[in-house]
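Undergrad: One-letter residues, chain by chain:
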Amino acid sequence: MPLPSYFLADRPEPGLLTPAMITEACLTLKANRRRYLEARRTPDIIDAIAAVAEDWLDPANPFRQAALARGPVELGFSRETLAAGLDAFFASLTREGLRALVVQDLGHLERLDQFCAPEAEARSGRASWARGPELLAHLPAGRLPNAPLLSLVLGLLTRSAQFMKCASGTSLLPRLFAHSLRETEAKLAACLEIAEWPGGTEPLEAALFAQAECVTVMGTDATVAALRARVPTPVRFLGYGHQLSFGYVAAEVLAHHNLPRVVAAAARDVAAWNQLGCLSPHAFYVEAGGRNSPERFAAALADALAGLEATEPRGPLPVTEAAAIAARRGFYEVRAAHSSDTQLWCSPGSTAWTVVYESQPRLSPSVLHRFIYVKAVAGIDEALEGVDEFRGRVSTVGLAASGAREQALVQQLAQWGVSRICPLGRMQQPPPDWRHDGRPALGDLVRWVDWERPPAW
Amino acid sequence: MAHELFQDLIRRVREFIHASDAVLSGSVGAQDRVFDALALELFAAQYDAVPPYRALCQARGLTPRDVTTWRFLPAVPTTAFKDWDFTSLAPAERRTVFHSSGTTAASRSRHFHSAESLALYETSVCAGFAPALLPEWTAGGGRFRFVVLAPPSTAAPHSSLAHMFSTVATAFGKGPATYLGETDGAGSWRLNVGRALPALAGVVEANEPVVVLGTAFGFVHLLEHLEAAGARLALPPGSRGLETGGYKGRSRELPKAELHRWIERCLGLTSERLVCEYGMSELSSQAYDGAVGVATDAPTAGGAPPASGRWFRFAPWARAWVVSPEDGREVGEGETGLLRVLDLANVRSVLAVQTEDLAVRRGAGFELLGRVPAAEARGCSLLAR
Numbered sequence: 016m017p018l019p020s021y022f023l024a025d026r027p028e029p030g031l032l033t034p035a036m037i038t039e040a041c042l043t044l045k046a047n048r049r050r051y052l053e054a055r056r057t058p059d060i061i062d063a064i065a066a067v068a069e070d071w072l073d074p075a076n077p078f079r080q081a082a083l084a085r086g087p088v089e090l091g092f093s094r095e096t097l098a099a100g101l102d103a104f105f106a107s108l109t110r111e112g113l114r115a116l117v118v119q120d121l122g123h124l125e126r127l128d129q130f131c132a133p134e135a136e137a138r139s140g141r142a143s144w145a146r147g148p149e150l151l152a153h154l155p156a157g158r159l160p161n162a163p164l165l166s167l168v169l170g171l172l173t174r175s176a177q178f179m180k181c182a183s184g185t186s187l188l189p190r191l192f193a194h195s196l197r198e199t200e201a202k203l204a205a206c207l208e209i210a211e212w213p214g215g216t217e218p219l220e221a222a223l224f225a226q227a228e229c230v231t232v233m234g235t236d237a238t239v240a241a242l243r244a245r246v247p248t249p250v251r252f253l254g255y256g257h258q259l260s261f262g263y264v265a266a267e268v269l270a271h272h273n274l275p276r277v278v279a280a281a282a283r284d285v286a287a288w289n290q291l292g293c294l295s296p297h298a299f300y301v302e303a304g305g306r307n308s309p310e311r312f313a314a315a316l317a318d319a320l321a322g323l324e325a326t327e328p329r330g331p332l333p334v335t336e337a338a339a340i341a342a343r344r345g346f347y348e349v350r351a352a353h354s355s356d357t358q359l360w361c362s363p364g365s366t367a368w369t370v371v372y373e374s375q376p377r378l379s380p381s382v383l384h385r386f387i388y389v390k391a392v393a394g395i396d397e398a399l400e401g402v403d404e405f406r407g408r409v410s411t412v413g414l415a416a417s418g419a420r421e422q423a424l425v426q427q428l429a430q431w432g433v434s435r436i437c438p439l440g441r442m443q444q445p446p447p448d449w450r451h452d453g454r455p456a457l458g459d460l461v462r463w464v465d466w467e468r469p470p471a472w
Numbered sequence: 352m353a354h355e356l357f358q359d360l361i362r363r364v365r366e367f368i369h370a371s372d373a374v375l376s377g378s379v380g381a382q383d384r385v386f387d388a389l390a391l392e393l394f395a396a397q398y399d400a401v402p403p404y405r406a407l408c409q410a411r412g413l414t415p416r417d418v419t420t421w422r423f424l425p426a427v428p429t430t431a432f433k434d435w436d437f438t439s440l441a442p443a444e445r446r447t448v449f450h451s452s453g454t455t456a457a458s459r460s461r462h463f464h465s466a467e468s469l470a471l472y473e474t475s476v477c478a479g480f481a482p483a484l485l486p487e488w489t490a491g492g493g494r495f496r497f498v499v500l501a502p503p504s505t506a507a508p509h510s511s512l513a514h515m516f517s518t519v520a521t522a523f524g525k526g527p528a529t530y531l532g533e534t535d536g537a538g539s540w541r542l543n544v545g546r547a548l549p550a551l552a553g554v555v556e557a558n559e560p561v562v563v564l565g566t567a568f569g570f571v572h573l574l575e576h577l578e579a580a581g582a583r584l585a586l587p588p589g590s591r592g593l594e595t596g597g598y599k600g601r602s603r604e605l606p607k608a609e610l611h612r613w614i615e616r617c618l619g620l621t622s623e624r625l626v627c628e629y630g631m632s633e634l635s636s637q638a639y640d641g642a643v644g645v646a647t648d649a650p651t652a653g654g655a656p657p658a659s660g661r662w663f664r665f666a667p668w669a670r671a672w673v674v675s676p677e678d679g680r681e682v683g684e685g686e687t688g689l690l691r692v693l694d695l696a697n698v699r700s701v702l703a704v705q706t707e708d709l710a711v712r713r714g715a716g717f718e719l720l721g722r723v724p725a726a727e728a729r730g731c732s733l734l735a736r
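Protein chains in written order, with my numbering: chain A, 16 to 472; chain B, 352 to 736.
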């Protein structure tokens, strides 16, 4: 499906951008926001977003079809991996989920529409209105669509005009999402712009920052720091550095009848977005002492990944990244030849998936693309020692545990500094009201207006 | 028994080196069968005498009976030299150990030599070096002065590169070599800036051709120093240079062509008088990307010139080929993969080495792209460093 040229990133030569074009686009966005968006009501916006999300779940939707047709070449995910990821994301954008998000972060469903007060505030004689930035600039990272698309959704909820600057070669899914919104609600889409240029093109970025009221950035620490330094002081800056995640499997869930379910969940977390997201696991820590050993878990995980490769293949890799996998495999192959403390399972004749079992808990970040560590531990203390180097940089723990142990583990993980704990198998499926890196994503965008209501004069 | 067997193998590899026609032909014609036989015999001996190698082969289900051609010899990843001693030498025989340039003991490879295996290493080094850097020598020419931008091997006893530089400077040098490199307290290499300019001025004054040997970062340190001093030299006619190794974070990095233009500007060595060398502490032979005075911009089989214009070849007693990281098979002409090397001069260690270097297959040689990079940031996860 050829997309009409509507957004800057649709242009045949998106490289030919000038600062004046960016400024003009921002001014147009702001004007459109005043005309079409500012006065819309929250339930109405939620309806529009949920309708677009439902459309994306329909196999006949042309935008979905375009994503699945072009994604494998442009983004490097297989059609099946892409479909699974998009389904999980759009299925989460329900009316209920979006309403829950507004109430959770802002205390009241109408908080973005007018002065209002939940009961406690009303009792203290106060009402508040949460106002979104006039223009939000987003600079997302990588090729995973979840975070950039959710950013656009949040910006719609805050009635902000939005300019999303994608890294080179990564704008396909934000563009398709914006086009699909345009088909449903052209006026909402008129308040969005999607552009693409190589990161660090300072004149373009300076023009964008000069118009923005708030800038969100995702990327490496170095990228976030460099951009933070270039955003003018009065502009709010929300930086999300890269994080990593891991899974934890308690001994009590490793009973024979349970093992296939637990392992299938773990394999889904590895395969989702080919493990490239910050919510994807680098390792599974598996407690020893259960009915099945951590080695047995690793072997079963290898089988499950082999099965997934048949139905949801990883897809081809650039040679440099395949070489990183081959080199890492070579290292563990020699270790495995010397001691059963290390074991290795590899997809035959390809780098499609790799499982490394190790009896030592220290985490080395994975080379990803479905390369997963399984580490045997006596308990959670040993696992947390193993990831200590990454304390403060751990996003999600996918947990398989039950009963009182689950309670205790969750408590300990929270105290250690993890920001999200979810069931194993759902690591890449956060709900829309997920608090990104432990922060209220919607709440961080708004500026509050408090009205302390006077007594009768 | 094992000792005598290896003595015999060392003798036969030395004979093979001497019999090689000392040109970078890539193919050894009549010696192919000798190469095959030596490779398989070395493999059998190393399988028996190098325990970690045997363990790796057994894990792959391979014994000397299963391997019938050198191409299928099990290759040892270079990273494994950090964890295990891939050597057939008993501890008492290990006279020399070469380390890779890691920062801590745990991150450094270990390649052990006995007196005999080190002598073979030196034979291999000299036999590979002469045709690439001193084509006159093979035609019966005289000795050269050497300027080395690295410390002498006595100051860096665990560097195979320093040993190579000292070996060729002794074998082919006219008088003692001038070493402009030194080690600092931490063992890192640096340029002796006080000596560099006077020494090079003396070389120009003497007006006799010199051979300058250095790492890329050694050249950068020298050139930065010369520029800061406002010095531009024209090394005497017939001079030549060898540049090797990466930067290892020890100087600013620049593309090879730019470095070579800079060398030409400051030292007067044109690119056809500069030869690049590829080697590593885990090997006993080196590859060169051409020979002094010989045009290296030959077209590839398809007729298109290679992107960088130069490619590497090993001397006939070592062979390199480029394998796909996906399935380990040799890639097609012009395709990229990981470099694998079979070095007959690695008698007391293991002859088949799997590097972490990316290379493009170019005819009988390869174009080096560099070390496998840390995973590219395609997602938003923290990556391996």
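None of these hints come from the bench; they were simulated from the model.
Where hints are given, some of them may not hold.
[To be verified] Negatives, chain A to chain B, calculated, CB over 10 Å:
{"id": "1", "residue": "R26"}
{"id": "2", "residue": "P74"}
{"id": "3", "residue": "N76"}
{"id": "4", "residue": "W144"}
{"id": "5", "residue": "S183"}
{"id": "6", "residue": "A205"}
{"id": "7", "residue": "R243"}
{"id": "8", "residue": "G304"}
{"id": "9", "residue": "A321"}
{"id": "10", "residue": "R350"}
{"id": "11", "residue": "R450"}
[To be verified] To be clear about the criterion: a stretch of chain A counts as covered by chain B if any three or more of its residues have a C-beta under 8 Å from a C-beta of chain B, and this derived list gives those stretches:
{"id": "12", "stretch": "256-266"}
{"id": "13", "stretch": "392-400"}
We put the CB at the ideal spot given by N, CA and C, even for glycine.
Undergrad: Report the numbers of all earlier hints that the structure fails to satisfy, in ascending order.
TA: Hints 10 and 13 not satisfied by this model.
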